[in-house]
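Q: What follows is each chain in one-letter form.
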Amino acid sequence: MKSLAGLRAIRESMHQPSNRLNNETTTRIMVGMGTCGIAAGARTVLLTVMEELATRNLQHVAVAQTGCMGMCEKEPLVEIEVDGQKTTYAYINADKARKIVLEHIVNGSPITEWVVTKS
Amino acid sequence: MFYRSHVLVCTGSNCNIKGCQGITEALRRELTRLSLEQEVRLVETGCLGLCEHGPALVVYPEGVMYVRLTAADVAEVAEEHLLKGRLVPRLLQPTATVDSGYSLNMSPFFSKQKRIVLKNCGLINPDSIEDYVHADGYIALATTLDTKTPTDVIDVIKKSGLRGRGGAGFPAGRKWEFTRWATGSPKYLICNADEGEPGTFKDRLILEGDPHLILEGMIIAAYAIGATKGIIYIRGEYDLSIRRMEHAIAEARKLGLLGQNILGSELEFDVEVCAGAGAYVCGEETALIESIEGNRGEPRFKPPYPAQQGLWGKPTCVNNVETLANIPAILQHGAEWYQQIGTANSPGTKVFTLTGNIINSGLIEVPMGITLREVIYEIGGGIPEGRSFKMAQTGGTSGGCLAEEHLDIPMDYDSLAGHGSSLGSGALLVMDDSHCIIDLTKCFLKFFVHESCGQCTPCREGTPALYSIIDKLSRGLATESDMRLLKRLSRTMQSSSLCALGQTAPVPVLSALVHFNEEVEAHFKGDCPTCKCHTARGGRQSAN
Amino acid sequence: MTQSMLIQRFIGEPGGLLKALHALQNSNTNNFLSPQDLELVSGAFGVPLAKVWGVATFYSLYSTIPRGRYIIRVCESAPCHVVGAHNILTALAKNLNICTGETTADGKFTLEVTSCLGICGVAPAIMINDTVHGNLTPESLASVLALYN
Amino acid sequence: MLIDVTIDNVCVQVPTGSSLLQAAEKAGIKIPTLCYHPDQSLKAVCRVCVVEIEGQRLLQPACTYPVFQGMQVRTNSPSVREARQTIVELMLSSHPQDCLKCPRNLNCELQSLTQQLNITQSPFPTLPREYQSDSSTFSLIRNPNKCLNCRRCVEACLDVQEIGILYSTGRGKQTIVGTALGQDLNELPCVFCGQCLQACPVGAITEVDETERVWEAIADPRKHVLVQTAPAIRVALGEEFGMPAGAIVTGKLVAALRRLGFDRIYDTDFTADLTIIEEGNELLERLQHGGTLPMITSCSPGWIKFIEHTFPDLLPHLSTCKSPQQMFGALAKTYYAKKVAIDPQDIVVVSIMPCTAKKFEAERPDMRSSGFKDVDIVLTTRELARMLKQSGIQWNDLKEDTYDTPLGISTGAGAIFGATGGVMEAALRTVYEVVTGQELEDIDFKSVRGMDGIKEAQVELGGNVIRVGVAHGLKQARKLMEDIASGTSPYHFIEIMCCPGGCIGGGGQPIPTTNATRQRRIAATYQVDKEMPVRKSHQNEAVSTLYEEFLKRPLGFKSHELLHTHYTKR
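Residue numbers (the working numbering), protein chains in the order written: chain A, 931 to 1049; chain B, 26 to 569; chain C, 19 to 167; chain D, 395 to 964.
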């Protein structure tokens, strides 16, 4: 079990990964940064989100990029996780991203009309 | 044997505590009672990830999950769902509503999927090895190194029935075995990420979304076949894939997951990225090898096969990205687990890319054997703008064109091959009724004319000749003898071209001729029903 | 950095020839492999110039004629085709006032068509140098091109 | 080990590792081929040789598919016939249909295939290509429009000669064998050896045809037209008239030339003997006075161009002797002109050469030491054959004739110049006797004969051991040059011939020239030597007379003026 032990040691020496919430961060924003997302404008969205969080000094929010979520057609996709509750937004641009930070994260009310829907 | 339903019963340790053993037995009894053994397959799986709701089971292909079951509940599920096809709402997994937050994983888009290869895609940060390790990454590798010999690994893969996901569907375990027992050193492992098949972008998104999964698969494969050197050949257009992969390799090296004495074992293996330069044909394994060697990417004559004489004349195993991405899960959960997903001859899942006239274009992973209809209508959300379905092409540009009557074909290697198409790379192009099959065929052929390597006569000269006949047809000028020539040329290209590019180039043409005969006849008479072609005697001008 | 230093690290590396060609083309302001570049590779790798030429003309990412600073590649494979790629190509050609394969008079853009770029999920799609742009309409092109002004 | 293969119901036994083509031949079937060449690697790109193998889904090329025990093959099934025909029809669809005007008409592999496969119409629309034909050189014309992409020329140039002027370029329909940057051959280090031409199955590469100029010269009453024939012509020309490779046709050759109307029929073998005297003395001079060694022969113009391009630093190693062709031209317009009292301006020197590079050599600016262009027109063996056919002379009916004197008098030593190792052997016969003053007992230096890539021998000359090396084909030449450059060459004297097998395998020889035909022409060359009454150059009386009357002494002033030259870096 030498290798497994080696892997455990590596794992323990690591930082908390960006996709887990911990004591400091209770909210997480994931932006789909696969090529599909980027092609649809995800880079601007990610930058806007970070800018907006910095402006508002929201330190409890972690931002991370992730790969393709699968629904390329609806890119850019942004997923917000607040206290374990996940919400995915579709077709996000910079303006929408700013509003989501304000409404969903600051005011605590998701913008349902932009949430990815069943159709 | 083909089962219409698969029932996955969770036998993870949590569910075991909660009594899933009783559930399994109850279900087995019910299936016998209802004489469903030939139709419904009972599969004991690992943790389904809903431990707090256990015991749980999932019915595929619908992907419906029943939770907190008792033995009595099982009888009801069997009676209602498995026999009569009706859901049992009171036992369903509770889902969040849109109002309280609605995430992608709860949409029907996800509920029909089974994610093995894509399990981390869209969930972890691909640039963070921490994310991957914390998502149980590299555990399969570590356990394999500790508990299995290379031969054991090959046996597991052989037993799992995993077939190559690049298109040809050759059993992965056998390919590994050939390389393992070939003489020559060093041995090479090549990950084929030269994804050029139009409509395919799964490898790109896997590389971008979960690069360490590929690395883990490659390290295990290298251990099994005895390769010391790995190369990931990524097409040059995939800039982001190349960067993410190079970053992942650097991180893995830093942690001793690549290089010498991997995880403290004897294993030595390192990987480098090689970027392509824009040639579809390099997806063919021997052309890819030529390209890595710095040559024109022209396929080699086989035999000898790469397993005998590949890169630099040494034994070489070439595996597709998705094939390698399946490896860690198979070793983690076992061959039996894997075999129970999908169909008997095509076990496991398949990643598809949905493109064309479909609402949810994108990347999905489903168990083999799911029908085209389910993929297009349930996962893909159907055809946009209220139009109706006309054609689906599976397997990329060299795949067959399927019509409405084929919507219930199970998507697996053999069923599709039986209908003149192929699973191929997992591309699924959907076309609505506003488009013309001849116009589309022309588009396919233009691609082949451009991408033929030009080495062998049937393909170099045959692809433009095919194009010119179809072009003639689209202009309403084709004659009977043109059509006979088209068939003769197609047969020759299929039988005599040096590689699969030339051998399969006529496939979409021939299948269109068969499955869309009426439309072909119309063009023959000078009319294009969808008015996409500039026919000489009709089409757009056919007012009279 | 001189051109020969640029490819130094690929010499001796088996199969480094393609990498050297990539590096030289990327460093060339006209986005192409000049005769000098090809001769340099031929000498450095000890490969006949004709073979270097044969390799450079085989792969579609290499160009042996000077191009603009930005290469616009329009996908014309089937998935983009059925969602209107030819409208994008027409609009681009009109917008830039050039035909396929040509470079704008100011040497800024070269318009090319290409086989599938693997971003069909957001078709119709184009690539401008290494950057991908998807879900395009003839109307949205102007704002994409504006990014390069 | 023998394995059983059944081909079209005929069971044959072939050794393991045999090709299916060989097995079929044993079964009495000739499978059609195109990219296959007996001396080259297997390419399997033309797909003409596809056959049906039981248990195989696809047709497989017979040239490359390995035989296995119990293999069942069908070479004439409906699908095979259809595929082969379609493939050849496809080739025809992009091939110019001007066979009647093609230099390869009636000696074209595509034409034979079309006939063999009973193709009488081309169902595919003809889409001719529009490449520029390259006629930039004095030697070769390259017409890519006729190229079938078989790549035999690529291998001849890159692997046999290791020059690599030609390579596959482009992709898809645009794939074509081409040159770097699409340049013309005269802009490239092409040596005009014509080995590509020899490999080409069709007329995509041909020699520059000069027959018309010869007809004009002969017809011009003011012109005195001399013809010289190279040693390699007499063992090859017969093939053009249906004779087997290696037929010796010296007498018919002379007779035919006389019938064509040349005023004098002379022999390059005469100046070959002269070359031995000059070159032998040059070698002795270098050995005795610490000149640059090893000394290398300079008879082969392709080789000369190669060293000028590739190893310019080694040019001092080259003998300064002109080639026999050029020595002949220089003497014809000086010594001979004076002797017969004809204004050299009115003398036309025509050479019949096995070589395409000789056309280029005659045009070199330094080849005018007589005050005129020393050699006016160079024809290849094939061009001469065309003239003969055009003239209606019946080859079979020709009575043997003999060369004119004095420039037609030669020895066996001159004759073997045509084969690799021949110049070396001729030189050794002379140098030995000149230095030692003793007669050679065995004048056959067998160790420098034959088709081995590099051959060597040692001779004791008055107490000193002289080491000699022989190479043919530029790939081998390059090896010897690299040794010289690195200072590890053990030799004093080296013979290099540009073409495999020497001049008998030259680019101007009858097509096909394969290693098998080369062997037979070589054998014939030594037969010619054996049958000559005199077999040593220094015993050629006409050469002695030449020195007495004109040159005075080897390496003398006149010799230097007329028979020696210099080389320049390219």
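It is worth saying that the hints were derived from the structure and are not from the lab.
Watch out, some of these pointers could steer you wrong.
Said to hold, decoys possible - If we take Cβ atoms under 10 Å as the criterion, some of the chain C residues that face chain B in the derived model are:
| id | residue |
| --- | --- |
| 1 | Leu24 |
| 2 | Phe50 |
| 3 | Val73 |
| 4 | Ala74 |
| 5 | Thr82 |
| 6 | Tyr88 |
| 7 | Glu94 |
| 8 | Pro97 |
| 9 | Ala109 |
| 10 | Leu135 |
| 11 | Ala141 |
For clarity, every value in this text was computed on a predicted model and none was experimentally measured.
C-beta: ideal position from N, C-alpha, C; glycine also.
Q: Now look at each hint and say whether the structure bears it out.
A: Quick rundown of the hints versus the structure:
1. Leu24: Violated, because the Cβ-Cβ distance from Leu24 (chain C) to chain B comes to roughly 16 Å (cut-off 10 Å).
2. Phe50: violated, 13 Å
3. Val73: Nearest chain B Cβ about 6 Å off; hint holds.
4. Ala74: Hint on Ala74 (chain C): holds, closest Cβ of chain B at ~9 Å, below 10 Å.
5. Thr82: Because about 13 Å separates Thr82 (chain C) from the closest Cβ in chain B, which is outside the 10 Å limit, the hint is violated.
6. Tyr88: violated, 14 Å
7. Glu94: Glu94 (chain C) check passes; min Cβ-Cβ to chain B is 7 Å, inside 10 Å.
8. Pro97: Nearest chain B Cβ about 4 Å off; hint holds.
9. Ala109: violated, 19 Å
10. Leu135: holds, 6 Å
11. Ala141: Because about 6 Å separates Ala141 (chain C) from the closest Cβ in chain B, which is inside the 10 Å limit, the hint holds.
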